[in-house]
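With the sequences and hints as input, model every part of the structure.
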Amino acid sequence: MTIPIEYYLILSGFMFLTGVVGVLTRRNAIVVFMSIELMLNSADLTFVAFSSYLGNSIGQVFVFFVMTVAAAEAAVGLAIIIAVFRNKKTVNIDEINILKW
Amino acid sequence: MGILELAIITIVKILIVLTLVLLTVAYLVYFERKISAWIQNRIGPNRVGYLGLLQPFADVLKLLLKEDIVPTVSNHPLHALAPMIALFVAFSTYAVIPMGPTITLFGWQIPLAVADINMGILYVLAITSLGVYAITFAGWSSGSKYSLLGGIRSSAQMISYEISMGFSVGGVVLLASSLRPIAIVEAQSGLMWNAFIQPIGFITFLVAAFAETNRLPFDLPEAEPELVGGYHTEYSSMKFAAFFLAEYANMIISSALIVTLYLGGWQIPFIERLNLPVGLTVALQVGAFCFKLAVLLFFFIWVRWSIPRFRYDQLMSLGWKVMFPLSLLNIIWVAILIMVFKI
Amino acid sequence: MSLEITLFVIFALAAAVSAVMVVTRSNPVIAALFLVVNFGSLAGLFLTLHAQFIAVTEIIVYAGAIMVLFLFVIMLIKPENEQKFLAVNKKIKLTAVFLAALILVQIAYIILFANPSARLNPDLNASVQAGTIESIGTLIFTKYILPFEAAGYLLLAATIGALVLAKKKFE
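Protein chains in written order, with numbering that gives the first Met the number 0: chain A, 0 to 100; chain B, 0 to 342; chain C, 0 to 170.
Any given hint might turn out to be false.
[Unchecked claim] Computed from the model, here is a short list of chain C residues facing chain A with C-beta under 10 Å:
{"#": "1", "residue": "VAL21"}
{"#": "2", "residue": "ARG24"}
{"#": "3", "residue": "SER25"}
{"#": "4", "residue": "VAL60"}
{"#": "5", "residue": "ASN88"}
{"#": "6", "residue": "ILE106"}
{"#": "7", "residue": "SER126"}
{"#": "8", "residue": "GLY151"}
{"#": "9", "residue": "LYS167"}
Hints listed in this document are in silico derivations from the structure and should not be mistaken for laboratory results. In this text, a Cβ means the ideal position worked out from N, Cα and C, and glycines have one as well.
Pasting the structure below:
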């Protein structure tokens with residue numbers, strides 16, 4: 000435990016902001032999804048860091064739930080992407096803009 | 000034991016395990032050809048050395064000297080990365096397999112596994128779940144439709160069977176109430192082998208192991224008649240050899256896992272009643288582990304040359320509609336055993 | 000430099016670089032590959048934090064299941080490559096990066112200003128104990144049993160939803 004917890008927190012912030020930039024700038028729906036996973040993971044890192052430095056497992060239990068939600072989100076999200084692709088033949092989110100078909 | 004001694008012992012163990020595995024793989028290929036010849040009433044390799052025993056070395060030499068052809072349309076870095084992932088996954092799993100009981104040598108307690116970690120079984124599941132990337136990336140990066148089809152098939156097949164594999168392991172972990180491979184082996188003393196106590200879990204794990212190693216009857220990712228060579232159509236020379244090596248290494252690791260989880264690992268039932276000297280007992284136990292491993296490897300080869308390939312939809316419905324419910328049933332069975340019969 | 004610090008530096012650098020790569024690569028398969036690298040280095044970071052169980056689950060769930068699903072979908076629908084990161088809308092993207100860097104500086108300032116290390120007194124034994132599967136399992140199946148069941152229902156709902164959405168024609 001020689002590393003100050005600040006390092007973990009700043010790394011987590013860096014990963015989160017990278018994910019935000021990815022969501023804002025990329026146009027491929029799948030990559031946008033991957034950026035969201037990146038943000039979820041940076042939150043996991045913060046949880047685990049605090050849990051470990053406080054010596055209490057609750058943070059890690061929470062990470063476990065985050066992983067469940069991420070799995071559910073990935074399954075439904077990718078199903079939506081496939082459904083959209085079947086109708087529009089594209090996953091570029093600039094071209095999926097009429098909210099109906 | 001200081002950190003330096005620990006490091007030296009670990010490195011020695013890694014070298015021994017690696018050499019043993021590479022030699023076993025080389026001769027496994029030879030035995031596969033011999034046994035297939037025996038099953039099909041042929042002679043098999045018999046030219047290089049006595050009974051063709053030097054054939055593996057001739058094969059390796061041939062593969063090393065071949066030209067390495069990389070397709071122009073392929074994604075070069077990924078094309079080179081895929082066989083590396085395959086080898087990494089195949090070899091790093093051996094770290095936690097215990098080959099014998101803890102021995103005392105020069106005053107040190109040495110477990111006969113490279114690393115005795117208390118998350119051992121989860122570690123194996125984690126590393127094997129990365130194996131799918133090797134095939135998927137190989138399929139995608141080659142830039143060939145056969146390879147791509149093989150890659151897609153493998154990614155779907157391997158996630159599907161990983162689930163029943165994980166749930167079957169769940170039963171074993173429940174009974175041993177530990178994730179340490181050594182503790183799991185020790186929980187199977189006498190005739191309390193998991194293969195007898197939870198036969199359903201044993202069968203589902205065995206089937207899932209066949210699917211995870213891409214062996215017949217589940218070798219859809221490389222089905223020769225339909226996909227030329229599947230994911231390794233575009234590979235040649237040592238890169239192809241790496242995939243070949245990884246497939247056989249995976250076969251050994253699956254057999255070793257089945258031995259550890261279901262067939263009592265290194266244990267010989269009731270050997271402690273014979274009052275043998277300690278050294279002899281340990282030697283016999285390591286021998287027993289190798290014997291069980293050899294029987295399972297023979298079984299793998301035997302199945303390959305006896306059973307035809309499944310159709311893809313049959314494979315999927317077997318995985319999801321038969322194996323997955325059966326592995327859940329196995330967990331319920333183990334729970335009943337623990338709660339009602341107090342095993 | 001001790002082993003702990005060396006490991007932290009290696010894994011943290013790998014995590015940061017691969018995160019940037021995920022966002023900037025134009026080919027989705029390469030981006031997915033770097034995301035797997037990112038998960039791997041995160042698992043390494045969790046190990047330096049003594050969270051063994053979470054580290055292994057990270058690999059099994061994220062790298063072994065979720066990313067394979069992503070790759071599967073990418074290969075099925077074969078999206079065409081986007082252009083290079085800065086090829087279109089250069090100004091807007093640079094502004095986004097600049098704003099993100101600004102927020103990062105703010106976050107770093109707040110974290111350093113709040114100085115959490117002064118209030119924490121980390122205990123090695125407690126931290127190792129917190130990461131074991133026993134303590135996490137005990138908490139999940141006693142105190143957090145309701146969220147656990149809710150997560151189970153969520154997964155069931157997600158499975159059914161994914162089936163319904165991805166099915167070609169729903170009769």
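Results for each hint:
1. VAL21: holds (6 Å)
2. ARG24: holds (8 Å)
3. SER25: Hint holds; C:SER25 Cβ to chain A Cβ min 9 Å, cut 10 Å.
4. VAL60: holds (5 Å)
5. ASN88: holds (8 Å)
6. ILE106: holds (4 Å)
7. SER126: Since chain A brings a Cβ to about 5 Å from C:SER126, closer than 10 Å, the hint holds.
8. GLY151: Because about 8 Å separates C:GLY151 from the closest Cβ in chain A, which is inside the 10 Å limit, the hint holds.
9. LYS167: Because about 7 Å separates C:LYS167 from the closest Cβ in chain A, which is inside the 10 Å limit, the hint holds.
Of the numbered hints stated above, none is contradicted by the structure.
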